[in-house]
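Start from the sequences and build out the full structure, keeping to the hints where you can.
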Amino acid sequence: MLLCNRRWIEIVLRQGSRFPEEPMFSTTHFTRTIMRSTCVVLWSLGASSALTHCLGQSAPPRYKVLDLGPSLVRTLVDTPGLNARGDVALWRSTNGNDIQAFLLQTTHAVEIPGLRDFPLVFPADISNDETVVGLVQASGDMRFTRAFRWKPGQHPEILPPLNGKASDATANNAAGEIVGEAQVSGGAYHAVLWHNRTPVDLGVLAAGDYSKARDINNRSTVVGEANTTPNGKLHAFVWEKASSKMRQLPDPPGSTFCSAQAINDSGEVIGSCDLAHGIAHGVLWRDEKVVDLGSVGEDADDSVSTALDINIHTQIVGSSEIADGKQRAFLWEHGTLQNLNEMIPPHSGWLLLVASRINDAGEILGRGYYRDGIHSFLLLPQVSSAALRATSLAPKE
Numbered sequence: 067m068l069l070c071n072r073r074w075i076e077i078v079l080r081q082g083s084r085f086p087e088e089p090m091f092s093t094t095h096f097t098r099t100i101m102r103s104t105c106v107v108l109w110s111l112g113a114s115s116a117l118t119h120c121l122g123q124s125a126p127p128r129y130k131v132l133d134l135g136p137s138l139v140r141t142l143v144d145t146p147g148l149n150a151r152g153d154v155a156l157w158r159s160t161n162g163n164d165i166q167a168f169l170l171q172t173t174h175a176v177e178i179p180g181l182r183d184f185p186l187v188f189p190a191d192i193s194n195d196e197t198v199v200g201l202v203q204a205s206g207d208m209r210f211t212r213a214f215r216w217k218p219g220q221h222p223e224i225l226p227p228l229n230g231k232a233s234d235a236t237a238n239n240a241a242g243e244i245v246g247e248a249q250v251s252g253g254a255y256h257a258v259l260w261h262n263r264t265p266v267d268l269g270v271l272a273a274g275d276y277s278k279a280r281d282i283n284n285r286s287t288v289v290g291e292a293n294t295t296p297n298g299k300l301h302a303f304v305w306e307k308a309s310s311k312m313r314q315l316p317d318p319p320g321s322t323f324c325s326a327q328a329i330n331d332s333g334e335v336i337g338s339c340d341l342a343h344g345i346a347h348g349v350l351w352r353d354e355k356v357v358d359l360g361s362v363g364e365d366a367d368d369s370v371s372t373a374l375d376i377n378i379h380t381q382i383v384g385s386s387e388i389a390d391g392k393q394r395a396f397l398w399e400h401g402t403l404q405n406l407n408e409m410i411p412p413h414s415g416w417l418l419l420v421a422s423r424i425n426d427a428g429e430i431l432g433r434g435y436y437r438d439g440i441h442s443f444l445l446l447p448q449v450s451s452a453a454l455r456a457t458s459l460a461p462k463e
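Offset between the sequence shown (1-based) and the numbering used here: plus 66.
There's no promise every hint is true.
Heads up, simulated EDC-like pairs for lysine to aspartate or glutamate below, C-alpha to C-alpha not over 20 Å straight-line [said to hold, decoys possible]:
hint, residue 1, residue 2
1, 392, 368
2, 217, 243
3, 217, 195
4, 392, 408
Restraint-style ranges between C-beta atoms, simulated for each label pair [as the list claims (entries may be wrong)]:
hint, residue 1, residue 2, range
5, 364, 171, 36 to 44 Å
6, 354, 273, 17 to 25 Å
7, 182, 140, 19 to 27 Å
8, 314, 227, 22 to 30 Å
9, 355, 219, 42 to 50 Å
10, 230, 307, 20 to 28 Å
11, 125, 437, 21 to 29 Å
12, 358, 242, 29 to 37 Å
13, 253, 125, 48 to 56 Å
14, 208, 264, 20 to 28 Å
15, 380, 314, 19 to 27 Å
16, 380, 307, 19 to 27 Å
17, 314, 181, 35 to 43 Å
18, 182, 126, 31 to 39 Å
These are computed hints drawn from the structure, not numbers from a lab.
No residue lacks a Cβ here, since even glycine has one placed at the ideal position from N, Cα and C.
If you want it as structure tokens, here you go:
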């Protein structure tokens with residue numbers, strides 16, 4: 067089904083545009099999510115704010131913004147898919163209430179069909195061969211979900227479960243391996259790896275009873291979160307194919323909670339941990355050391371941030387508080403965390419809230435406030451990372 071041309075949805079910059087209202091993500095406790103130990107993302111209307119106040123910038127815009135249409139927000143850590151070719155797999159609201167899933171390509175969009183018993187489709191990842199994975203859901207009940215995979219021209223295929231019924235696919239790699247979580251006997255959920263449609267239980271940490279795989283790289287290394295005691299707090303894990311064992315990644319000093327969200331092909335892992343002062347920050351695990359990515363808030367020690375994706379160039383994207391729970395999308399590179407709103411054209415009409423995916427070309431997928439509600443966006447780099455590095459290393463006159 068042909069729906070749109072990416073060129074048609076390119077944003078026309080509007081001089082003097084203002085936000086009529088600014089949405090705010092609020093955080094509330096919810097099992098197995100990220101911000102401030104856990105967080106369900108809801109958006110509510112906050113105070114009116116001028117665009118120029120939000121997007122003060124003096125450097126030339128680094129990114130062009132493409133509008134991918136209205137987006138329904140589930141949780142912050144739900145991350146629609148983006149592959150190396152710039153193809154996007156996402157869901158969106160078509161008339162304010164109905165949810166439809168699409169594969170957006172350079173020239174057109176293809177609807178991802180639902181199934182009779184599971185009509186709602188929520189893509190989570192897309193490989194370079196356009197294999198989409200995620201979950202399908204029964205109408206009106208989030209408890210009844212199944213992991214699926216799909217390719218253009220086919221119907222979604224439900225992946226085999228473990229010993230229970232419910233499942234959820236979160237990521238796939240070039241070899242066709244898929245990871246996520248699946249219910250086991252007794253009702254608990256374990257991290258799972260599907261290889262040639264065969265589900266493999268990746269186990270748990272220590273005496274824990276819960277684990278979930280969040281990502282897999284092209285070396286078949288899996289990362290995610292797991293508890294170490296029944297109903298206990300979560301810790302980040304890595305599972306390596308060579309050993310077929312799950313091990314815990316180091317916690318920062320004073321931390322009681324961590325979750326790993328993504329891994330690149332160099333083995334660098336990103337996610338979130340609560341720190342000694344009790345605030346969750348995005349972190350990078352590299353060479354078994356933990357790097358605090360900070361936040362974009364004026365008081366970094368009191369501002370929550372979470373990292374959601376990383377590419378081969380160690381560019382990291384996510385979301386960070388600035389004040390009163392208001393969120394801003396960020397990019398972290400070369401040791402610096404930057405507000406992405408300061409890197410797009412001024413007066414564009416956008417307020418970027420969450421950056422959820424970044425590919426090796428530096429394209430960024432996320433959600434933000436545009437016109438009258440939450441829309442998905444794709445940021446296209448206008449200056450290459452190599453050029454930026456050359457500029458940053460050039461002698462100062």
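Quiz prompt | Violations among the numbered hints, reported as their numbers in ascending order | solution = Hint 18 alone not satisfied by this model.
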